[in-house]
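Novice: Those protein sequence lines, which keep their order, are chains B and A. Each residue of the first sequence is one higher than the last, beginning at 1 in this note's numbering. Each residue of the second sequence is one higher than the last, beginning at 223 in this note's numbering.
Think of the hints as simulated: they come from the structure by calculation, not from any bench. Mixed in with the good hints, there may be bad ones.
[Said to hold, decoys possible] Just the calculated beta-carbon pair ranges, DEER-fashion: (1) F557(A) x A111(B): 58 to 66 Å; (2) R118(B) x A278(A): 30 to 38 Å; (3) K293(A) x L201(B): 42 to 50 Å.
[Claimed, not checked] Here are the computed lysine-lysine pairs in the DSBU-like style, where the Cα-Cα straight-line distance is at most 35 Å: (4) K131(B) x K365(A); (5) K121(B) x K152(B); (6) K365(A) x K121(B); (7) K365(A) x K152(B).
No residue lacks a Cβ here, since even glycine has one placed at the ideal position from N, Cα and C.
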Amino acid sequence: MAEPALFRTIDMPFCQAVQFEHWNAAPGRFFVAVRTRGAFTAMLGNGVVEEFRTLSGPVLLAPASALGGIYDAGLRLADARSLDAQIDQGWPPLTIGIDVTAPARPADWIALFLDAIRQQKSAGTPPWQNKVRAARVADYRLQRLHCHVDGKQAATIIATDAPLLPQQLQRLADRGDAPVSLAVSLGNRLPRVDAGEMQQLTAVSEQTLALLVASARRLVSA
Amino acid sequence: MPFDRRQFLGLGALSLLAAPTAAANAPVEGRHRARALGITIGRLPPGPLNAITDVAGVEVGHTTLISGHGKLEIGVGPVRTGVTAIWPQRDIVHEFLPCGVDVPNGNGEFSGMLAARNLGILSSPICLTTTSSVGMVHDALQKLQPDDELPPGTPVVGETWDDFLNDTVGRHVREQHVFDALSAARGGPVAEGSVGGGTGMMCYEFKGGIGTASRVIEQGGSQHTVGVLVQANHGTRELLRIDGVPVGTELGRQGQAEQRAELNSILMIIATDAPLLAHQLQRLARRATHGLARTGSISNNSSGDFTLAFSTANRIPRESFYRGAGYTLQSVEQFHIRPYFEAASEAVEESIINALCMAEDMTGINDNFLPALPLTETLEILRRHGRLKGAVDG
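Could you put together the complete structure from these sequences and hints?
Specialist: What follows is the structure, encoded as structure tokens:
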């Protein structure tokens, strides 16, 4: 399968990083929306996402029982980016727990994690499976990453280059029926550092949004 | 690396036993809790300890890590950090408690929010620590969960950022420190100030840290307690108000440079033995913001301000929560809930002031110096404003 254009996954035996831009890109933020369902509770980093409706780094998928360690590795990634940067600039690593048995991690697993991200190269396979599907709506692309464990839904990430505002993204995230669904828009890239009092954003019309939502629904059910 | 670990009965705790002092114009020696100084917040009576441990079954322990001096060397120190552990009740991983959360400003980490929102339960001890140690503490708490066919509980760990004094990137809190704090936890007096997770924290640009207080409510022939513990690391100097008096403005900077205090945060834990359900506890948690605001906070854009409220009155067996015919709960009728709101906001306000009053001067990385709230000058300001009452125990 061709490399997804809207996100890239870096796979490891103990986690998976879903990147929307290069890990060491100048600090920036994308709008994001999250929907959780049922008894799902295994996520770190969601406080900041709920407050600001933005995302600053890769989404990390991890076995739920290893959530803290993988989150900490994500924090170290921010340190690796620049120790002089305020912690906010690479924080928090939005880390999603997958209900799967965690494989044993080697003693140097944090170094392996950082190397894989730095080199942009997978270093193994996580203990869950992915399906990636894509669609085009008007001038925009939608891509969905569907994570499952032997057919049982675990997480869904929908990315689009359509410039959706947070409340619009929420309507995409709501289409997901996995325990946790994310929708990320790459259509507006916000600065992570103070770049002036005002910023200009774009948004799609309700008509376009309706098409995107319908397409997202088809992607989710595909 | 060797650590100087001062558990539970550290200097802060010993100050609890010191004689109160509030004589006019007399210099205040040592550190004392607000009430011992004559500062009386609100109108409801405190519990016997004026602490979160006034709620029966709640236990608190600290692991305090202080070592090294001078220039920051990542991974070596200086170290000014720790972890504070709260047992809502000792068997929390097997008997869940209803809980609710509120987030005045969410630029922080507080795991367990989804469990509170989606399930309405608390299933773990609560740990408060430094930002870079969240992951490690989370995984340590995960190890307390039963390993059987039922879903494991959700670890609850919150953080605030102690980078002004502490080698945060060095990650000096280790798994054993979490277990030490959990083991050290007791009912009774709670050490305050620069202890546990509060060791390196800054509050209104004075030395901050751990603070606690409680209130007792009597209505309809029954008596209930609301207890609070905070990890206070928030606020800019000019905003500080004590008992309504603009103490921060009147004290001024006293030569201290402005810090990046707008980045800092507060964690607020509310315990009660009143039978409140999860949605009621969410409402109670929301009232913490009123107490926080009365000390001057506006919940800055970069603050991670989180509140978790739990009730010990209804214990929900894990087995019944997940399967079987269900369970029953007792609940306060909504028309009787108002006193709890007042109690929560008062106890949060007093907890923050206690953290300020009990914390001592501290020097940390790169010789960064954080002064304690100057008690003598503070009392003089309060006296001028007619807000100082006779000192009382607790």
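Novice: None of the hints should be skipped; say for each whether it holds.
Specialist: Status of the hints after comparison with the structure:
1. F557(A) x A111(B): 58 to 66 Å: With Cβ atoms ~59 Å apart, the hint holds.
2. R118(B) x A278(A): 30 to 38 Å: violated (52 Å)
3. K293(A) x L201(B): 42 to 50 Å: holds (44 Å)
4. K131(B) x K365(A): Roughly 32 Å separates the two Cα atoms, so the pair holds.
5. K121(B) x K152(B): This hinted pair holds, its Cα atoms lying about 27 Å apart.
6. K365(A) x K121(B): holds (32 Å)
7. K365(A) x K152(B): holds (26 Å)
The structure fails to meet hint 2 from the earlier list, while all remaining hints are met.
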